[in-house]
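Top line first, the protein sequences correspond to chains H and D.
So for the first sequence, numbering that gives the first Met the number 0 puts the first residue at 0; every next one is plus one.
So for the second sequence, numbering that gives the first Met the number 0 puts the first residue at 0; every next one is plus one.
To be clear, the hints were calculated from the coordinates, so they are not data collected in a lab.
Predicted model, so just to flag it, every value in this text is computed and none were measured.
Be careful, since some hints might not be right.
[Said to hold, decoys possible] Result set (BS3-like, lysine-lysine): computed pairs, CA atoms no more than 25 Å apart in a straight line: (1) H:LYS136 x H:LYS122; (2) H:LYS75 x D:LYS384; (3) H:LYS374 x H:LYS397; (4) D:LYS108 x D:LYS367; (5) D:LYS367 x H:LYS79; (6) D:LYS276 x H:LYS79; (7) D:LYS388 x H:LYS75.
[As the list claims (entries may be wrong)] Examples of chain H residues lying across from chain D (beta carbon under 7 Å, computed): (8) LEU48; (9) ARG285; (10) LEU292; (11) LEU491.
Backbone N, C-alpha and C define an ideal beta-carbon position, used for all residues, glycine too.
Listed below, chain by chain, are the residues.
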Amino acid sequence: MKYDVIIGLEVHAQLQTRTKIFCGCATDFTPDAPNIRTCPVCLGLPGALPVLNKRAFEMAVKAAMGLRCQIAHFTKWDRKQYFYPDLPKGYQISQYDLPFSHSGLMEIPADPEVAGAEGLTRKVRIIRAHLEDDAGKNVHDESGRGSESQVDLNRAGTPLVEIVTEPDLRSPKEARMLLEEIRLLLLYLGVSDCNMQEGNLRCDANINLHLHHDSGITTKTPIVEIKNLNSFRFLEQACEYEVSRQLKTYGHLEEIADRTKRTFGYDPQRGVTIEQRSKEEAADYRYFPDPDLVPVIVTADQIQLWQADLPERPQDRRQRYQTQLGLSPYDAGVIIEQGRAFADFFEQIVTHGAEPKQASNWITQEIQRILNERKCSIGEFPVSAELVGTILKKVSDKQLTLKAAREALDALVSYSEENTVSHETLEKVIQERGLAIVQNDELLLNIIQQVIQKNPKPVADYLGGKQAAAGSLLGQVMREARGADPQLVKSLVTKALDALKSGNS
Amino acid sequence: MTLEAGGSLKTGSGTGTSSLGSLFKALNSGTTTSRQIVESCLNAIDKRDGSIGAFLHIDRERALQAAEASDLRRSTGEVRGPLDGLPISIKDAICEAGQPATCASRILKGYVSPYSATVIDRLNAAGAIPLGRVNLDEFAMGSSSENSAYQLTHNPWDLTRTPGGSSSGSAASVAARMVPGSLGSDTGGSIRQPASLCGVVGLKPTYGRVSRYGLVAFASSLEQIGPFSLDVFGAAALLQTIAGHDPHDSTCVNTPTEDYLQTLDTPLTDLRIGVPKEYFGEGLDPEVQKIVEEALAVYASRGAKLIPVELPHSKYSVATYYIIAPSEASSNLARFDGIHYGYRSPNFADLESLYAASRGEGFGSEVKRRIMLGTYALSAGYADKYYVKALQIRRLIRQDFDAAFQQCDVIAGPVTPTPAFKLGELADDPLAMYLSDIYTIAANLAGIPAISIPAGWTASGLPVGLQLQGPVFTESRLLRAARMLEIDRPWIDRLPPVAGG
Ligand SMILES: [Zn+2]
Chain H
0 MKYDVIIGLE VHAQLQTRTK IFCGCATDFT PDAPNIRTCP VCLGLPGALP
50 VLNKRAFEMA VKAAMGLRCQ IAHFTKWDRK QYFYPDLPKG YQISQYDLPF
100 SHSGLMEIPA DPEVAGAEGL TRKVRIIRAH LEDDAGKNVH DESGRGSESQ
150 VDLNRAGTPL VEIVTEPDLR SPKEARMLLE EIRLLLLYLG VSDCNMQEGN
200 LRCDANINLH LHHDSGITTK TPIVEIKNLN SFRFLEQACE YEVSRQLKTY
250 GHLEEIADRT KRTFGYDPQR GVTIEQRSKE EAADYRYFPD PDLVPVIVTA
300 DQIQLWQADL PERPQDRRQR YQTQLGLSPY DAGVIIEQGR AFADFFEQIV
350 THGAEPKQAS NWITQEIQRI LNERKCSIGE FPVSAELVGT ILKKVSDKQL
400 TLKAAREALD ALVSYSEENT VSHETLEKVI QERGLAIVQN DELLLNIIQQ
450 VIQKNPKPVA DYLGGKQAAA GSLLGQVMRE ARGADPQLVK SLVTKALDAL
500 KSGNS
Chain D
0 MTLEAGGSLK TGSGTGTSSL GSLFKALNSG TTTSRQIVES CLNAIDKRDG
50 SIGAFLHIDR ERALQAAEAS DLRRSTGEVR GPLDGLPISI KDAICEAGQP
100 ATCASRILKG YVSPYSATVI DRLNAAGAIP LGRVNLDEFA MGSSSENSAY
150 QLTHNPWDLT RTPGGSSSGS AASVAARMVP GSLGSDTGGS IRQPASLCGV
200 VGLKPTYGRV SRYGLVAFAS SLEQIGPFSL DVFGAAALLQ TIAGHDPHDS
250 TCVNTPTEDY LQTLDTPLTD LRIGVPKEYF GEGLDPEVQK IVEEALAVYA
300 SRGAKLIPVE LPHSKYSVAT YYIIAPSEAS SNLARFDGIH YGYRSPNFAD
350 LESLYAASRG EGFGSEVKRR IMLGTYALSA GYADKYYVKA LQIRRLIRQD
400 FDAAFQQCDV IAGPVTPTPA FKLGELADDP LAMYLSDIYT IAANLAGIPA
450 ISIPAGWTAS GLPVGLQLQG PVFTESRLLR AARMLEIDRP WIDRLPPVAG
500 G
């Protein structure tokens, strides 16, 4: 029996605003004391009112534009109502029927394991992205006896953007790849730190199967929502488990009577999904417009300004590195995955004269090696991209060999521990260590003439037909002319010897 | 300032306090001090509140200290404005840092607000002295004080009768001459109805004119904080102090406030008064009708034109209101869950029963009735039939007013269908109680300002108010129109029996 896997995601990302979405409390609650980043508004005290943080809205718009969504000219806020201890107001401020953005698109390479998908691009439609406030955190025992339950509201009121996709994904791997691509996008846009361990990026997966029975009948299994997946691996594993579970449960059924959507959680320890809420308890959130907030009106001019300000998407960069800079898809991908600062550094190296392929090799090998050794990020790399570019330009200009260039870079890095490194430092390093390829042909010709005169034996051997005899002459010239281009030396020595040969005959 | 505020100054005497206007003049002329005024208010409270039941909490020391600070400012010429040194009672739903804010509910028993409402900050900045937290119907839901979890408030004109509600304590504390002014809130008439039944001035501002930050929310899209005062001057001075943009309230508009005091004594010429026939129909007590018509005759004698207008959708006001207000209330009151603050029932076994027991025991029956109404009206499958439909009718009611104000400057009529009813009379008939708001609710639905001013007294000595409604942001016009009646037929010197009248 053949079957299709149908997956859609709901991704929640915390926006990295300085303050919360509806009050002035700081969002960086690194200090561990609970409830210290709170005020009457995010505590939901009687009488307190929310006021929209414009930065949060702008960041959310940025994220939506990155997802190629349409930005609504009119958007409003709705209350999503339910009781939970981490929800001090008894409702979440969210967006129901008029989200600030809709109709976007993301692209990932299709999973080659999916039949007929090899080499294709998977287009994943984004239904909407909307903005809402996050809840706090509960630490409570299952019995619900208040004595052992605690609530920390530091996180309550942090801005969250929720991204909802169409069920366009066709395998657990594609689900993972999409989440990875969304994470990369949000990082490049600078709107979220996407720290999954902290729960700053998390997702729910909606998954079911279309079973194509041998009889020709197609049945659809009930949709299962797997809640709160906070790692790429768990997302993929949970979906894989769910595919097998649904196959086992429904694979033999040509008719499925009850197709009510169900909610599951994922237990990574046991690697299984577990039903959380039965359909009887399906929540009615009683959405209605929040009367404490005013709708947001966005003009076409404003949208244009934001659009002009939008950083390049990682996907577009990856494409550009291939088409414009001639990198392989693999190399382009490796650089992009390292993050925006890394990719920026790469581009600056190229801007300062490095050949792109060479720059790509260097940043992923030499520079990455140094970063690993020094346990630092690209932002802390001691040599500027401009200097690295200059070094690599000297390689393309045949002023440095690759080996000498490596030595120069290492020298600059160690020099940087006590001094600032500049162009002067680079020149000094090249000169002191004699790294430069000797460019002056006349000087080189003199050295060759001297070596020929000092070595009559190998010369005679060569002239007598022993080609190999040129080797020892070549070695001597290279020793004398440190840093000379071996190819050039070889051709000049051969030329000089051949001149002797023709002069003798 | 050349103000002709009515009323005589009787501080320290058995009659308690006087109007804000006359106290302001007395302070300016040095014939009294803020400390004397506050002391006379405290004395009056001691003497009378046992029978009135307006106050839930009084912080005497703080009030006396504030009075002394005000007197010191006055002695060094640093007076902050017309309210400096004058005591104001505060409805117990408006938060004050360090003071209880119970909303007359069991669920907030013992709750002390850690922060102040914007209006309180503004009163303090103006040198006014918040003096005491006054009673209300629980969470401002009610029209009689009978829904307070703590006490009944009695009408100073007849202690067997209601002072109205929900700002029961505000109206009664002013009417009984225990304080010269008060802040209340008006969601469907909760300032105007008690003002009318107690014979004082009460103003509901335009929606968005006054910050709601720190007012414990009942129905956010309908309510406004507003002043009570014995005189129109006091209402103007209080509004002047509390009105204006507040960055903490998104619905508080950023249009400049007018100087309400500057124009107060200038009568309006060629005033066109719209008289809706819908306000003079079935259910209106004949004595109330007569008193209101006499007040209109006063305006006519001052050159105003009385113009018949129509408000065809006003008959739907009560029904519309009792969908929208409970819907918002059901959501606004969700935060009282027994988890974070306020009352937590000891009778629970798990999280769900903790919620159920805390809310079940903490809320009174009217609050629970409205939470259930609102929850139902917002439920899946019903929201379109009820909530969404109510919003549509709300728009029609607004349009009625827009059309009517094409023909007139203000709309006049009664505030309530009857004078103050007996306590207990409607307690078991919520529908009849709801209908007592029939003339006041539309202004909240439309967001327009409205004022209630004493128009006269019934034969049995119960006050009856006149309601004036204007287009949005015409508070200045309403105050001037009210002042015209006050000049013509001053009411300040008519004292309730409890104050020696
Ligand atoms: Zn806060």
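- List of violated hint numbers, smallest to largest: The structure breaks hints 1, 3, 6, 11; every other hint is satisfied.
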